[in-house]
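Line by line, the protein sequences give chains P and V.
If you're matching positions, the first sequence starts at 1 in our numbering and goes up one per residue.
If you're matching positions, the second sequence starts at 1 in our numbering and goes up one per residue.
These are calculated hints, taken from the structure and not from any lab test.
Since this is a predicted model, take the numbers as computed values, not measurements.
Glycine included, every Cβ here is placed at the ideal spot set by N, Cα and C.
Be careful, since some hints might not be right.
A short list of chain V residues far from chain P (calculated; beta carbon distances all over 12 angstroms) [to be verified]:
(1) V23
(2) I175
(3) G197
(4) T226
A few chain V positions that, by computed beta-carbon distances, are all more than 12 angstroms from chain P [to be verified]:
(5) G10
(6) V13
(7) L29
(8) A82
(9) L96
(10) G136
(11) V155
(12) M168
(13) A263
(14) T265
(15) L267
(16) R273
These stretches of chain P come out as covered by chain V in the derived footprint (C-beta under 8 angstroms, 3 or more residues) [claimed, not checked]:
(17) 76-89
(18) 109-117
(19) 211-222
(20) 266-275
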Amino acid sequence: MSAFLTYLLNGLAVGCAIALIASGLVTIHRVTGVVNFAQGTFAVVAGLCTSSLLGLGFPHGLSEVSAVLAAGVAGLLTGLAAIGRRGTTPLSSLIVTLGVGVLAYAVEIVLWGDQPRSAPGLAGSVTLAGARIQTHYLLVIGVTAATFVLLALFFGRTYLGKALTACASNPYAARVVGIDVRRMGLLAFALGGVLGGIAGVLVTPLRPISFDTDVTLIVNGFAAAVFGALTRPVIALAGALLLGVAETMAAGYGYGSHQLEVALGLMILVMIVQASRRSAISEEPA
Amino acid sequence: MNNRAGLAAGALVAAVTLALPAVLDDSALAVYILLGLAAMVTVGVSLLMGYAGQVSLGQGAFYAIGAYTAALLALAGVPPLAGLAAAPVAAALSALVIGTPLLRLRGHHLAFATLAVQLILLSLAGQLEFTGGDIGLQGIPQFGVGSFEAGGAAVYAYLTWAGLALVMLVTRNVITSRPGRALRALATSETAAASSGIPVGRYKLVVFALSATFAGLAGGIYCFYTGYVAPGSFPVLISIQYIVMAVVGGLGTIWGAVVGATAITLLVQGLDRLASLPGMPTYAPSVLSYAVYALVLIVVVLFMPRGLVPAISARLAKNRKELPYR
Numbered sequence: 001m002s003a004f005l006t007y008l009l010n011g012l013a014v015g016c017a018i019a020l021i022a023s024g025l026v027t028i029h030r031v032t033g034v035v036n037f038a039q040g041t042f043a044v045v046a047g048l049c050t051s052s053l054l055g056l057g058f059p060h061g062l063s064e065v066s067a068v069l070a071a072g073v074a075g076l077l078t079g080l081a082a083i084g085r086r087g088t089t090p091l092s093s094l095i096v097t098l099g100v101g102v103l104a105y106a107v108e109i110v111l112w113g114d115q116p117r118s119a120p121g122l123a124g125s126v127t128l129a130g131a132r133i134q135t136h137y138l139l140v141i142g143v144t145a146a147t148f149v150l151l152a153l154f155f156g157r158t159y160l161g162k163a164l165t166a167c168a169s170n171p172y173a174a175r176v177v178g179i180d181v182r183r184m185g186l187l188a189f190a191l192g193g194v195l196g197g198i199a200g201v202l203v204t205p206l207r208p209i210s211f212d213t214d215v216t217l218i219v220n221g222f223a224a225a226v227f228g229a230l231t232r233p234v235i236a237l238a239g240a241l242l243l244g245v246a247e248t249m250a251a252g253y254g255y256g257s258h259q260l261e262v263a264l265g266l267m268i269l270v271m272i273v274q275a276s277r278r279s280a281i282s283e284e285p286a
Numbered sequence: 001m002n003n004r005a006g007l008a009a010g011a012l013v014a015a016v017t018l019a020l021p022a023v024l025d026d027s028a029l030a031v032y033i034l035l036g037l038a039a040m041v042t043v044g045v046s047l048l049m050g051y052a053g054q055v056s057l058g059q060g061a062f063y064a065i066g067a068y069t070a071a072l073l074a075l076a077g078v079p080p081l082a083g084l085a086a087a088p089v090a091a092a093l094s095a096l097v098i099g100t101p102l103l104r105l106r107g108h109h110l111a112f113a114t115l116a117v118q119l120i121l122l123s124l125a126g127q128l129e130f131t132g133g134d135i136g137l138q139g140i141p142q143f144g145v146g147s148f149e150a151g152g153a154a155v156y157a158y159l160t161w162a163g164l165a166l167v168m169l170v171t172r173n174v175i176t177s178r179p180g181r182a183l184r185a186l187a188t189s190e191t192a193a194a195s196s197g198i199p200v201g202r203y204k205l206v207v208f209a210l211s212a213t214f215a216g217l218a219g220g221i222y223c224f225y226t227g228y229v230a231p232g233s234f235p236v237l238i239s240i241q242y243i244v245m246a247v248v249g250g251l252g253t254i255w256g257a258v259v260g261a262t263a264i265t266l267l268v269q270g271l272d273r274l275a276s277l278p279g280m281p282t283y284a285p286s287v288l289s290y291a292v293y294a295l296v297l298i299v300v301v302l303f304m305p306r307g308l309v310p311a312i313s314a315r316l317a318k319n320r321k322e323l324p325y326r
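Next up, chain P with everything else stripped away, as it sits in the complex:
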């Protein structure tokens, strides 16, 4: 029973990290219609930045926040490349973000080398109902919950958030009432970068990050995001938690070598079911 609880909480923490990646994907896709392939890159950039800053002797807190800001800047730059030029179709933008992800490989290898790096997280562990949980896992869960609450408040209660939502629901109408759709898109990319950065900072102490970790991160994040059809963050959160718990349980109870296949197979299945329920006509671009 205590083993089960440990796996459950560990799984929730892993799921939270996936959820943060997924929420970045959803934010960017809602506003710009672009699926950002470089979303995992933001997490990698933030994770590598933290490990370097901590290595240079900067205190905790400052290192993490600067790493998240660096990821935000990376998000903004990605946005400039992907949607900065007028008339780029969403599929072209996807290919551009793919290029940005590969370009980031080159930059990351030059700056950090190609070996995985880790960073010390929150030390210690607590005992909860007979199960030992590392404190860092609880931190991951807490930060993710806080981030999602802040996101909900931002989108629901502030003018800027509502402007973003307006761009998401109808870019033409948003332009008519004076919202700069392109600037909102860039803002969404920066926000996506920050969200990916938070995920990276939280994950680095749990599993070492190297330049090519982004493929695993983006695939898991995308799998979670498709649960919410790439537009609904709360369902994406639920999907991510499910994914994280399922993967950790599979690993914990001895099917660890197949967890990637399980996650990817699940993602394909969800997409196919969703596609069969959608009518083809509503998808046709105008």
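For this one, chain P is given, so just place chain V on it according to the hints.
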């Protein structure tokens, strides 16, 4: 380009292609062979992206299926020619099986699904007993027909480029046929194509299978040439590389795929030479090739979305029009 000039250009390209293996040394031949194999896969990617309007981020998976099929058969003692023939068939069959559910998806969903398929296959190949795990399959016999055995790299060069010629011929015939016109309609608007009676789903599946066939054939030749296959030979980056080549050359053009593959391969090779000069850091080759793939992809998608070949031929056509009548 008028017909006679096209024929002359084709004959010239064919002559150069046939002459090159005789004059190149072994390391240059290796580049020449890999270039031909990449072009073969890229023709399929270009067909899929340009005509069916679908992006596959997992074309490397079919390359791997072809290579593993040929390798397993060859190691089991099946004649190499039969193994090589089985490679594209196996790739096509798996494309039909995978594509039937997957092609209900489109756009970025399909891109991620195909990427997922490649990741799943690589992971399985790395774990299963009969594929040799992470070490892969080694000691694959040389390619040969009857008592003739391929000794040097030149034989593989001819085999590769004959395969590429076959692939290009098949593609050209598909594009100029009635189904080819249907495919062009389908890429513009699936709804409109369906309403004019085009069986959209079936055509997309056929193009998907055809592009997989090309990749499978290339994979089959690759495994005989290198003599070993392992999951590490087919990273996700290889699929991205095919997309870069197809986009650079120009989607939906046969020669564009060849030009794109040639341009990228030569560029990466040149930079590799540069990076292995004394005094360069050890990470230079991989950094430079990542940077080149990325920058070329971004610049071409943003500033030359139709690719090199269409852009150049449009420029040529314009120049010709501006010439005064004689």
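Hint check:
Non-interface status of V:V23 relative to chain P is upheld: no Cβ of that chain comes within 12 angstroms, the nearest being about 34 angstroms off. Listed as outside the interface, V:I175 is consistent with that label: its C-beta sits roughly 21 angstroms from the nearest C-beta of chain P, beyond the 12 angstroms cut-off. No Cβ of chain P comes within 12 angstroms of the Cβ of V:G197; the nearest lies about 15 angstroms off, and the non-interface call holds. For V:T226, the non-interface assignment is confirmed: its Cβ lies about 23 angstroms from the closest Cβ of chain P, beyond the 12 angstroms cut-off.
Residue placement check: V:G10 keeps its beta carbon more than 12 angstroms from all beta carbons of chain P (closest about 31 angstroms). Annotated as non-interface, V:V13 keeps its C-beta farther than 12 angstroms from every C-beta of chain P; the closest such distance is 29 angstroms. Distance check on V:L29: its Cβ is at least 28 angstroms (rounded) from any Cβ of chain P, clearing the 12 angstroms threshold; non-interface status holds. Annotated as non-interface, V:A82 keeps its C-beta farther than 12 angstroms from every C-beta of chain P; the closest such distance is 31 angstroms.
Every beta carbon of chain P lies more than 12 angstroms from that of V:L96, the smallest distance being close to 16 angstroms; the non-interface claim holds. Against the 12 angstroms criterion, V:G136 stays outside the reach of chain P, whose nearest CB is about 17 angstroms from its own CB. At the 12 angstroms boundary, the C-beta of V:V155 stays outside the reach of chain P, the nearest C-beta of that chain being 34 angstroms off. No beta-carbon of chain P comes within 12 angstroms of the beta-carbon of V:M168; the shortest separation is about 24 angstroms.
Taking the minimum C-beta to C-beta distance to chain P, about 16 angstroms, the non-interface status of V:A263 holds against the 12 angstroms cut. At roughly 17 angstroms from the closest C-beta of chain P, the C-beta of V:T265 stays outside 12 angstroms, upholding its exclusion from the interface. Non-interface call for V:L267 relative to chain P: holds, since the shortest CB-CB distance, roughly 14 angstroms, exceeds 12 angstroms. At the 12 angstroms boundary, the C-beta of V:R273 stays outside the reach of chain P, the nearest C-beta of that chain being 18 angstroms off.
Beta-carbon proximity to chain V at under 8 angstroms applies to 3 residues in the segment 76-89 of chain P; the threshold of 3 is reached and the given coverage holds. For the segment 109-117 of chain P, the proposed coverage by chain V is satisfied: 4 residues have a C-beta within less than 8 angstroms of a C-beta in that chain, meeting the threshold of three. Only when three residues or more bring their CB closer than 8 angstroms to a CB of chain V does the claim for the segment 211-222 of chain P stand; here the count is 3, and the claim holds. Given a C-beta distance limit of less than 8 angstroms, the hint that chain V covers the segment 266-275 of chain P holds, as 5 residues qualify and 3 suffice.
When each numbered hint is compared with the structure, no violation occurs for any of them.
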